[in-house]
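As they're listed, the protein sequences go chains C and H. If you read the first sequence in the working numbering, its first letter stands for residue 382, the second for the next number, and so on. If you read the second sequence in the working numbering, its first letter stands for residue -5, the second for the next number, and so on.
Keep in mind the hints are simulated off the structure, nothing from the lab. Hints may contain errors.
[To be verified] Straight-line C-alpha distance at most 16 Å; calculated EDC-like pairs for lysine to aspartate or glutamate: (1) H:Lys99 to C:Glu486; (2) H:Lys45 to C:Asp405; (3) H:Lys52 to H:Glu65; (4) H:Lys99 to C:Asp437; (5) C:Lys452 to C:Glu486.
The model shown is predicted, which means the values in this text are computed figures rather than measured ones.
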Amino acid sequence: EAGVTQSPRYAVLQEGQAVSFWCDPISGHDTLYWYQQPRDQGPQLLVYFRDEAVIDNSQLPSDRFSAVRPKGTNSTLKIQSAKQGDTATYLCASSFSRQGYNYAEQFFGPGTRLTVL
Amino acid sequence: GDSVTQTEGQVTVSESKSLIINCTYSTTSIAYPNLFWYVRYPGEGLQLLLKVITAGQKGSSRGFEATYNKETTSFHLQKASVQESDSAVYYCALGSLNTGANTGKLTFGHGTILRVHP
């Protein structure tokens, strides 16, 4: 069974440019998470979805970041007008949560390493 | 809010020696959160090592153990005899609660780099 896949694996931008990250979760997983992991820190949740609905986007910088999961499967995270402070690895994770989050393991993708110059 | 603290950024241990990686947590919830250890081996993605969902219980996997201590709010990771293949980055995490129910959100510590030398 394929794991969580993400693309691209690397991105290098100038400040002010836009970038999109794409995530394909494990087939059948209803919950999808996006994390930001700055260098030498742990992953920090940005947003997560249950099917196509946003459950929590309170940590997503809404002025420049957006995330969608229109059909409840794949998801796209977009940064408009990137800043140097956005330099980080962006991780996607998915889980099967219908039996409750106590029993739902999050499976992580390899991440996209973003550098903003 | 919730927070997780890992005091060591890097730990170096000789092969076959014992290991402890410290983790303490803080939560505003009156209920007890689920606790996790995740690991990232070189060249691989983040993966679950072990989890404990009941305060006072112990979790184990691949020779590692962690005991959920609600009195000291700690979840230290231990191994009696490490191997070179255990070299990786280890993250402690807490599952956030809302009105006592697990939300599915994880709060991670900063991670501890473990280097095991032969």
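Structure-based check of all given hints:
1. H:Lys99 to C:Glu486: With Cα atoms ~11 Å apart, Lys99 of chain H and Glu486 of chain C stay inside 16 Å; holds.
2. H:Lys45 to C:Asp405: violated, 25 Å
3. H:Lys52 to H:Glu65: This hinted pair holds, its Cα atoms lying about 14 Å apart.
4. H:Lys99 to C:Asp437: Status holds; Cα separation ~9 Å.
5. C:Lys452 to C:Glu486: Given pair Lys452 of chain C, Glu486 of chain C is violated - Cα atoms ~22 Å apart, limit 16 Å.
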